[in-house]
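The hints should help you fit chain B onto chain A, whose structure is shown.
2 protein chains.
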Amino acid sequence: MKVELDNVKPMEIEARSFEIITQELGDTPLIPGTEPVVKRCIHTSADFDYARNLCFSENVIDKALDALRGGACIVTDTQMAKAGINKKALARFGGEVYCFMSDEDVAEAARKSGSTRACASMDKAAAMDKQLIFAVGNAPTALVRLYELIRENKISPALIIGVPVGFVNVVQSKELIMETEVPYIVARGRKGGSNIAACICNALLYMLDNRRD
Amino acid sequence: MKVELDNVKPMEIEARSFEIITQELGDTPLIPGTEPVVKRCIHTSADFDYARNLCFSENVIDKALDALRGGACIVTDTQMAKAGINKKALARFGGEVYCFMSDEDVAEAARKSGSTRACASMDKAAAMDKQLIFAVGNAPTALVRLYELIRENKISPALIIGVPVGFVNVVQSKELIMETEVPYIVARGRKGGSNIAACICNALLYMLDNRRD
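Protein chains in written order, with the numbering used here: chain A, 250 to 462; chain B, 250 to 462.
Here chain A stands alone, though its shape is the one from the complex:
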């Protein structure tokens, strides 16, 4: 095979990628306003399944942008998702990213309760006095715990990004979140991941850049 590279300047690679994605999506129906999120998930995974598995609660994009603009903080369930979020873009509005998964008190709480660290780290987040966006790309137990905390009126998240990936209780945990009144962006089914969780946060942050309203 003769390999020929396309001549695209470094600064233009992302824009060109989004053009290709838009072109290949063709007439695929997307909910107006959600396109930047859907396209960035495809950009991050090269997986067009995200054009049909992403579910959005009513007006979730506006609500999410309002929360970010107001300085909401993001809680992730992996260090990897935390690493992937554009923290500079978030900091401009006063927000920070937290991941409690490696915290000793979280490990201890999980050991004591026989639960997961993801679950315990949601409890730790619930005790914070901040407006929070949860970006869950790995642990369905984190989503199940958020569901319980919402039902018990112990938290009221500004947004839940529910995109854990996998094979055990992943599908169900996402359905639970979609039963709540909390604003959500969920990748229905098995797919998702820390990369998807991070890129949805970034898509929202970059929408604020473009709007600057």
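In case anyone wonders, no lab produced these hints; they're calculated from the structure. Check each hint, because a few of them may be wrong.
Below, computed lysine-lysine pairings styled on BS3-like, alpha-carbon distance capped at 27 Å [to be verified]:
1. 258/A / 373/B
2. 258/B / 361/A
3. 361/B / 337/B
4. 336/A / 337/B
5. 312/B / 251/B
6. 288/B / 337/B
7. 403/A / 373/B
8. 288/B / 312/B
9. 337/B / 373/A
10. 312/A / 336/A
11. 336/A / 373/B
12. 361/B / 258/A
13. 361/A / 336/B
14. 373/A / 258/B
15. 361/B / 312/B
16. 258/A / 379/B
17. 337/A / 361/B
18. 379/A / 336/A
19. 361/B / 373/B
20. 251/B / 288/B
21. 251/A / 403/B
22. 312/B / 258/B
23. 312/B / 337/B
24. 337/A / 336/B
25. 361/A / 337/B
26. 288/A / 336/A
27. 373/A / 379/B
Covered, in the sense of this in silico footprint (three residues per stretch, anywhere, with C-beta under 8 Å from a C-beta of chain A), are these stretches of chain B [stated by the list, open to error]:
28. 261-275
29. 410-416
Restraint ranges, calculated between C-beta atoms of paired labels, are given here [what the hints assert, rightly or not]:
30. 357/A / 361/B: 47 to 57 Å
31. 261/A / 269/B: 23 to 33 Å
32. 282/A / 308/B: 46 to 56 Å
No experiment lies behind these values; they were computed from the predicted model shown. We put the CB at the ideal spot given by N, CA and C, even for glycine.
Just chain B, lined up with the frame of chain A:
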């Protein structure tokens, strides 16, 4: 919808996930010895495409395990991939993970040359006097630069994990790596990502755990 959770203990979730993956793979032909890598990529993405897009150079698994056992270090092209690699498992053999993408000298070198930071960070890695595994999950320009450095006899990597994701020069950059004599694990086509790069490193590390030879 009535949501019912499967009763699987936290410690058993990963094993159960791998059982489901094995079951659903059925008779899909996999290269003997590569199964743990293929299955972990599916575990990380819930995307069974990895059962057919992963390409392995001859005896690459044995070569990779030898390198890790000998204390090889891993260079990534994103902080996210670095965050996802099990650094404790790597440290047992003396290895470390490096990502130079945020380094000021790398940013400066990229500015000067009109190239990408990924490219400049490969140059920085090439100047290290260590046995290196490159885990590239994001930037095709990193793979293209590695190809050039190999051709110029400036590096001789122990392994290249070539799994950038995307739409511009991604496919081609992977084909270039497969033209070299360097041991490789490549996800042919557009798919891949920092999560895939990290999970391939972890799959290899966990194979060492199970073998302990």
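Okay, the hints, checked on the actual structure:
Proximity of residue 258/A to residue 373/B is assessed by CA-CA distance (about 21 Å); at most 27 Å being required, the pair is judged to hold. For the proposed pair residue 258/B and residue 361/A, the alpha carbon gap of about 14 Å is at most 27 Å, so the pair holds. Restraint check for residue 361/B and residue 337/B: the C-alpha separation of about 36 Å exceeds 27 Å, so the hint is violated. For a cut-off of 27 Å, the pair hint linking residue 336/A to residue 337/B stands: about 26 Å separates their Cα positions.
Under the criterion of a C-alpha separation no larger than 27 Å, the hint pairing residue 312/B with residue 251/B is inconsistent with the structure, at around 49 Å. For the proposed pair residue 288/B and residue 337/B, the alpha carbon gap of about 22 Å is at most 27 Å, so the pair holds. Using a Cα cut-off of 27 Å, the hinted pair residue 403/A and residue 373/B is violated, with the two alpha carbons roughly 49 Å apart. A distance of roughly 19 Å separates the Cα atoms of residue 288/B and residue 312/B; the hinted pair therefore holds under the 27 Å criterion.
Taken as a hint, the residue 337/B and residue 373/A pair is honoured in the structure, with Cα atoms around 25 Å apart against an allowance of 27 Å. Between residue 312/A and residue 336/A, the direct Cα distance comes to roughly 20 Å. Compliance with the 27 Å bound is thereby established for this hinted pair. A hinted pair counts as satisfied when its Cα atoms are at most 27 Å apart, and residue 336/A with residue 373/B qualifies at roughly 25 Å. Between residue 361/B and residue 258/A the CA atoms are separated by roughly 14 Å; this keeps the pair inside 27 Å, and the hint holds.
Between residue 361/A and residue 336/B, the direct Cα distance comes to roughly 26 Å. Compliance with the 27 Å bound is thereby established for this hinted pair. For the proposed pair residue 373/A and residue 258/B, the alpha carbon gap of about 21 Å is at most 27 Å, so the pair holds. For the hint linking residue 361/B to residue 312/B, the alpha-carbon distance of about 37 Å lies beyond 27 Å, and the restraint is violated. Proximity of residue 258/A to residue 379/B is assessed by CA-CA distance (about 32 Å); at most 27 Å being required, the pair is judged violated.
For the suggested pair residue 337/A and residue 361/B, the alpha carbons sit about 24 Å apart, so the restraint of at most 27 Å is met. Distance check on the hinted pair: residue 379/A and residue 336/A sit about 17 Å apart at the alpha-carbon level, within 27 Å; holds. Of the supplied pair hints, the one linking residue 361/B and residue 373/B holds, its CA atoms being roughly 14 Å apart against a limit of 27 Å. The straight-line distance between the Cα atoms of residue 251/B and residue 288/B is roughly 30 Å, outside the 27 Å bound, and the hint therefore fails.
Straight-line distance between C-alpha atoms of residue 251/A and residue 403/B comes to about 23 Å, which keeps the hinted pair within the 27 Å bound. With a C-alpha separation of about 35 Å, the suggested pair residue 312/B and residue 258/B falls outside the 27 Å cut-off, and the hint is violated. Straight-line distance between C-alpha atoms of residue 312/B and residue 337/B comes to about 21 Å, which keeps the hinted pair within the 27 Å bound. With a C-alpha separation of about 26 Å, the suggested pairing of residue 337/A with residue 336/B holds against the 27 Å cut-off.
With a C-alpha separation of about 24 Å, the suggested pair residue 361/A and residue 337/B falls inside the 27 Å cut-off, and the hint holds. Annotation: proposed proximity of residue 288/A to residue 336/A holds, straight-line Cα distance about 21 Å (limit 27 Å). Between residue 373/A and residue 379/B the CA atoms are separated by roughly 41 Å; this puts the pair beyond 27 Å, and the hint is violated. Proximity of the stretch 261-275 of chain B to chain A, defined as three or more residues with a beta carbon under 8 Å from a beta carbon of that chain, is established by the 5 residues found.
By the rule of at least three residues with a Cβ nearer than 8 Å to a Cβ of chain A, the coverage given for the stretch 410-416 of chain B holds, with 3 such residues. Judged by the Cβ atoms, the range 47 to 57 Å given for residue 357/A and residue 361/B holds: they are separated by roughly 49 Å. Between residue 261/A and residue 269/B the beta carbons are some 41 Å apart, a value that contradicts the proposed interval 23 to 33 Å. At roughly 51 Å, the beta-carbon separation of residue 282/A and residue 308/B lies within the given 46 to 56 Å, and the hint holds.
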